[in-house]
Amino acid sequence: MLDTLFPFKRNFLSRNGHKLHYVNEGQGEPVVMVHGNPSWSFYYRNLVTELSQNHQCIVPDHIGCGLSDKPDDAGYDYTLKNRIDDLEALLEHLEVRENITLVVHDWGGMIGMGYAARYPDRIKRLVILNTGAFHLPDTKPFPWALWICRNTLLGTGLVRGFNAFSSIASYIGVKRKPMSPEVRKAYVSPFNSWANRISTLRFVQDIPLRKGDRNYELVSEIAASLPKFSHVPTLICFGLKDFVFDKHFLAVWREKMPHATVHEFEDCGHYILEDASDEVVPLISDFMKMPLATDNKPSEADL
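Counting from 1, one number per residue, gives the positions in the sequence shown under full-length UniProt numbering.
Keep in mind that the hints are not guaranteed to be accurate.
Keeping only pairs whose Cα atoms sit at most 27 Å apart, straight-line, the calculated DSSO-like set for lysine-lysine is [unchecked claim]:
1. 124 - 211
2. 9 - 289
3. 140 - 289
4. 185 - 140
5. 81 - 177
6. 247 - 177
7. 289 - 81
8. 211 - 247
9. 140 - 81
10. 124 - 81
11. 228 - 211
For the record, the hints were derived by calculation from the structure and aren't laboratory data.
Please model the complete structure; the sequences and the hints are all you need to start from.
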């Protein structure tokens with residue numbers, strides 16, 4: 001069933017002794033799609049099918065996710081910087097260094113924009129889907145469910161022992177229409193044991209909330225880089241019933257990217273490409289076809 005839902009060739013990059021899986025479909029200008037937690041490249045399957053007709057679609061599975069290896073803490077340091085390094089290594093391996101359309105969701109926003117902050121001149125377009133690339137907004141309380149997962153032994157037991165995070169997300173992450181049993185199974189199947197759920201927990205534990213937390217300064221740097229993309233055509237699609245990346249995050253994106261075209265989906269949740277695939281995929285496809293302004297390149301001052 002997975003091969004039917006996800007009919008793409010499996011590709012692997014050897015990365016520091018681990019296999020990093022990635023999708024690489026189609027030819028043309030590159031579209032790099034970066035997933036979050038607790039999902040994997042499967043999330044982008046419909047978008048890959050659509051865009052690979054005219055573009056090279058590159059979708060990595062982060063280490064610990066999807067079809068990539070899932071080492072323990074001794075084998076891999078599950079932190080934001082390493083995620084960005086992994087993405088950079090993959091794109092260097094594929095010799096993708098220009099005219100990139102970057103599509104980001106959930107933790108993919110921080111990882112993808114972390115890469116973009118290093119190489120702003122490589123980014124041609126941005127597509128932002130229920131994510132952030134900045135600290136928790138002042139107006140947004142940190143969700144109690146994430147606090148439990150991040151800070152307690154109970155959370156560790158629920159996430160790694162019972163797959164609570166991935167399983168629950170497959171239900172509450174959609175609001176307009178439930179996932180089919182086959183799709184839900186595909187989302188949770190990579191996280192099928194205590195050992196294979198390590199990344200799900202480490203992503204949550206890696207959220208920096210205050211100065212002194214690991215990655216706090218890195219997130220500050222990524223947020224500070226966003227003005228460099230004021231020239232970059234940007235499409236934002238947000239499901240407003242996301243229990244984390246909600247209207248508070250969207251308000252910050254509007255402030256930081258006032259030039260962006262924004263589509264709000266009031267009846268949709270976190271997995272916007274599941275809830276509103278029939279609407280969002282065509283919006284992205286049309287966005288990719290729009291002619292770019294001749295003055296959309298950054299100035300030296302921006303860089």
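Tested hints:
no., hint, verdict
1, 124 - 211, "violated, 32 Å"
2, 9 - 289, "holds, 26 Å"
3, 140 - 289, "violated, 35 Å"
4, 185 - 140, "violated, 31 Å"
5, 81 - 177, "violated, 35 Å"
6, 247 - 177, "holds, 20 Å"
7, 289 - 81, "violated, 33 Å"
8, 211 - 247, "holds, 24 Å"
9, 140 - 81, "holds, 25 Å"
10, 124 - 81, "holds, 23 Å"
11, 228 - 211, "holds, 24 Å"
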